[in-house]
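Undergrad: Starting from the known structure of chain F, arrange chains D and C on it as the hints suggest.
Residue numbers (my numbering), protein chains in the order written: chain F, 1 to 497; chain D, 1 to 138; chain C, 1 to 121.
Keep in mind the hints are simulated off the structure, nothing from the lab.
Keep in mind that a hint or two might mislead.
What the hints assert, rightly or not - Ranges between beta-carbon positions, derived for each pair: (1) Gly32/D with Arg30/C: 38 to 44 Å; (2) Leu89/D with Ser210/F: 42 to 48 Å; (3) Leu493/F with Asp135/D: 52 to 58 Å; (4) Ala105/F with Glu118/C: 19 to 25 Å; (5) Val100/C with Ala104/F: 25 to 31 Å; (6) Tyr25/C with Asn307/F: 31 to 37 Å; (7) Val21/C with Asp477/F: 48 to 54 Å; (8) Ile58/C with His107/D: 27 to 33 Å; (9) Ala62/C with Pro232/F: 43 to 49 Å; (10) Val3/C with Leu14/D: 54 to 60 Å; (11) Ser210/F with Ala29/C: 31 to 37 Å; (12) His28/D with Ala68/C: 22 to 28 Å; (13) Pro104/D with Arg6/C: 44 to 50 Å; (14) Ala8/C with Leu14/D: 25 to 31 Å.
Claimed, not checked - Going by beta-carbon spacing under 8 Å, a handful of chain C positions derived as facing chain F: (15) Val47; (16) Ala84; (17) Ile102.
Claimed, not checked - Taking lysine-lysine pairs in the DSS-like style, the calculated list, with each CA pair at most 25 Å apart, reads: (18) Lys111/F with Lys60/D; (19) Lys12/D with Lys57/D; (20) Lys452/F with Lys367/F; (21) Lys56/C with Lys70/C; (22) Lys454/F with Lys367/F; (23) Lys57/D with Lys111/F.
We put the CB at the ideal spot given by N, CA and C, even for glycine.
Next come the chains, spelled out residue by residue.
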Amino acid sequence: MRAIMPHLPALQVVVPLIGALLSALLRRGTTAWALALLVSWTMPLIAASLLLQVLTSGPTSYHLGGWAPPWGIEYRVDLLNAFILLLVSGVAAVMMPFARRSVAAEVDQDKQSWFYSMYLLCLAGLLGITVTGDAFNIFVFLEISSLSTYVLIALGRDRRALVAAYQYLIMGTIGATFYVIGIGLLYLVTGSLNILDIAERLGPAAAQSSRPILAALAFLTVGISLKLALFPLHVWLPNAYAYAPSFATAFLAATATKVAIYVLLRLFFSVFGIAISFEHLPVSEVMLALSVAAMFIASLLAIFEQNVKRMLAYSSLGQIGYITLGISLANEAGLTGGIVHLFNHAVMKAALFLVLGAIVFRIGSVKLADLAGIGRRMPLTMAAFVIAGLAIIGAPGTAGFISKWYLAVGAFQKGWWPLVFLILASSMLAVVYIGRVVEVAWFREPSGLAEKAKDPPLSMLLPVLVLAIATIYFGFDTQASAGIASQAAHALLAGIK
Amino acid sequence: MKLDLILRIGTKLLLPFILLFALYVQFHGDFGPGGGFQAGVITAGMVILYALIFGVKAAKRIAPQGLVERMVPLGVLIYAGTGIAGLWLGSNYLDYSRLARDAPYGHELGIFAVELGVLITVAGTMTAIFYAFVDRGR
Amino acid sequence: MEVLQRFADHYNYVVTIFLMVAGLYIVIARGNLIKKLVGLSLFQTSVYLLYIEPGKIIGGTAPIIDPAFKVYSNPLPHVLILTAIVVGVATLALGLALVVRIHEAYGTIEEDEIFSREGEE
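Isolated chain F, as found in the complex (with noise of 0.2 Å):
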């Protein structure tokens, strides 16, 4: 055990690599399954085991190939990197039982193992981008993640989740050639890649920013904001999540967004520093009006979309706004409340999308009215919707309502008191969407498809279950997640550490 303990951060990358490729080995769906539940049950402990190490001794940091940095490639973990380390893969792991027979009822049976096999690529490819150091390593472990999500959403089985993978496939690659643009940039000035170095050698000199530089922020500001769907860099999005296999829309919305925007927080705070991110260009100002825009204009569009699915996606798109939002402010409350909205968001979209996966399962739809009276059959399922819907709204007592009040203090101390208005109305909005749902399934008599559906079976019905218990024990128990959070955005806005 105390051998493996130095070598953590490169496992976390190789075992799910070495999953994904012995699952394409055997070619088998079933055997694909429990490998992939291995290693995603392997992969929090590994986290964990990270965390801990990092909160009791300090950052550590990984030499590949024994080369050391800045030559060689570093894995760096500090606090946010096994934050979401950590966020990324429980969030897997719990919903990994769910895959099976979500699975076996969406995907054809000889491309189940490729299925398997992609997770666990895009897996590996997300760890990646988390855990290593280097500017261009992320750039790699980025295209790895969206080769493998293009596929995961191609596998749908509706012949517009082609034209869904290929529309994210142009913009996504559009987004990262931005950011190896943006690197180039930076390597060109600071003959590093290497993201501390980097960090040090733009140091004092870069507050006199260059010309470079700050082209080399906005390549990557924008590159970034296309890969986390930052209104409106969005389009692709919708139909992405509504089209791909309802296992992987769960995936991609609980850790893919939140992977890049853990990038851009890296960008912003420790490669660039506040001095140059938010002093010498508008980026807080016109973050800010992105994100309002994003946390409106996204929620109308959810309020008026008929498929359930499209509607969460709308609806991902306007939490993606709240999150930024909290970097924009760019004060200690207001990057906690964007720290831990991505955590409790990843949690409730989560718990949201397996839902309409038991949905799918049962009854083959999500159209909203084919979702009438199905609260009645699916008693369970219907219920961890209402919960998670609620922490979308932000009700007290859910784990929605902490990132919320931390982003409305996080605005009182900018001095910016309408923003915890525009908070509030969005809310508003979010109560619309949900509530239609609830509505139609809670408080009409089932009919047509929902009327001979029932609860899923127990391997589909606990994750739902276990993340909807989640979304309200993170809106008591704070310290886990608010708690890091706030450690974790003092030290960013602490700078180079």
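TA: Frame of chain F, contents of chains D and C only:
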């Protein structure tokens, strides 16, 4: 049938040399230009040439689709496994220093294994892509 | 005149930026799915140039240590771009595969026709 006699005989004569050249590129990669990528593409080129002249069916007899599709993950597995071997011997992931009695030999051995993995994956991928597109129209 | 001189001195950047913008323009302006991928490839290729150009150091030789030489070119950009090229090829292959599937499912690879057929569903 008669018209493409030259093509058939010529191809049959060429095939071993293409493979030999691929192996040369692969193993001479230490000292000159070359390596797994190029060798893999040349190997796949051999299979594709064979398929063009003798038909996909015949090509699938010498390089079955199942094998080709499994070569893709297998090569990466060899690559990742080389990294794990370093881990096993007590150094960092992908550190080849301890694979042999001293660091330079270890590195040579490590790169050799890695390049072998690259050869397998690239050859597999190229052939698999070819098969995938050829199988479409029918 | 001075502006022209500056352009001529940095002709490599001019070429890179031209390819970059041309590629991006094709991706945005064309409705044909294949042409979009061509544009995307062009866009990616421009980035390869962006990295590789500065790696060449005038008067520098291949980076193999030899007492006869003092100035070496920087090999790192080449290695980075080798990775980026592989990523680009993978993206292109996946994109083309998707286009083949889209063609089978919709019978067209024109974006507007696909969308009009989606509207019927």
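Undergrad: Compare the structure with each hint and give your call.
TA: Evaluation of the provided hints:
1. Gly32/D with Arg30/C: 38 to 44 Å: Because 42 Å falls inside the window, the suggested range holds.
2. Leu89/D with Ser210/F: 42 to 48 Å: With a Cβ separation near 46 Å, Leu89/D and Ser210/F satisfy 42 to 48 Å, so the hint holds.
3. Leu493/F with Asp135/D: 52 to 58 Å: Since the Cβ atoms of Leu493/F and Asp135/D sit about 56 Å apart, the hinted range of 52 to 58 Å holds.
4. Ala105/F with Glu118/C: 19 to 25 Å: The hint (19 to 25 Å, Cβ to Cβ) holds, given that Ala105/F and Glu118/C are roughly 24 Å apart.
5. Val100/C with Ala104/F: 25 to 31 Å: Between Val100/C and Ala104/F, where Cβ atoms are some 26 Å apart, the hint holds.
6. Tyr25/C with Asn307/F: 31 to 37 Å: holds, 33 Å
7. Val21/C with Asp477/F: 48 to 54 Å: holds, 52 Å
8. Ile58/C with His107/D: 27 to 33 Å: holds, 32 Å
9. Ala62/C with Pro232/F: 43 to 49 Å: Because 47 Å falls inside the window, the suggested range holds.
10. Val3/C with Leu14/D: 54 to 60 Å: Given a distance of about 56 Å, which is inside 54 to 60 Å, the answer is holds.
11. Ser210/F with Ala29/C: 31 to 37 Å: holds, 33 Å
12. His28/D with Ala68/C: 22 to 28 Å: holds, 24 Å
13. Pro104/D with Arg6/C: 44 to 50 Å: Check passed, 48 Å falls within 44 to 50 Å.
14. Ala8/C with Leu14/D: 25 to 31 Å: violated, 48 Å
15. Val47: holds, 5 Å
16. Ala84: For Ala84/C, the interface hint holds, since the closest Cβ of chain F sits about 6 Å away, which is under 8 Å.
17. Ile102: Since chain F brings a Cβ to about 5 Å from Ile102/C, closer than 8 Å, the hint holds.
18. Lys111/F with Lys60/D: Measuring from Cα to Cα gives roughly 21 Å; hence the hint holds.
19. Lys12/D with Lys57/D: Between Lys12/D and Lys57/D the Cα gap is close to 16 Å, so the pair holds against 25 Å.
20. Lys452/F with Lys367/F: Measuring from Cα to Cα gives roughly 16 Å; hence the hint holds.
21. Lys56/C with Lys70/C: holds, 14 Å
22. Lys454/F with Lys367/F: holds, 17 Å
23. Lys57/D with Lys111/F: holds, 23 Å
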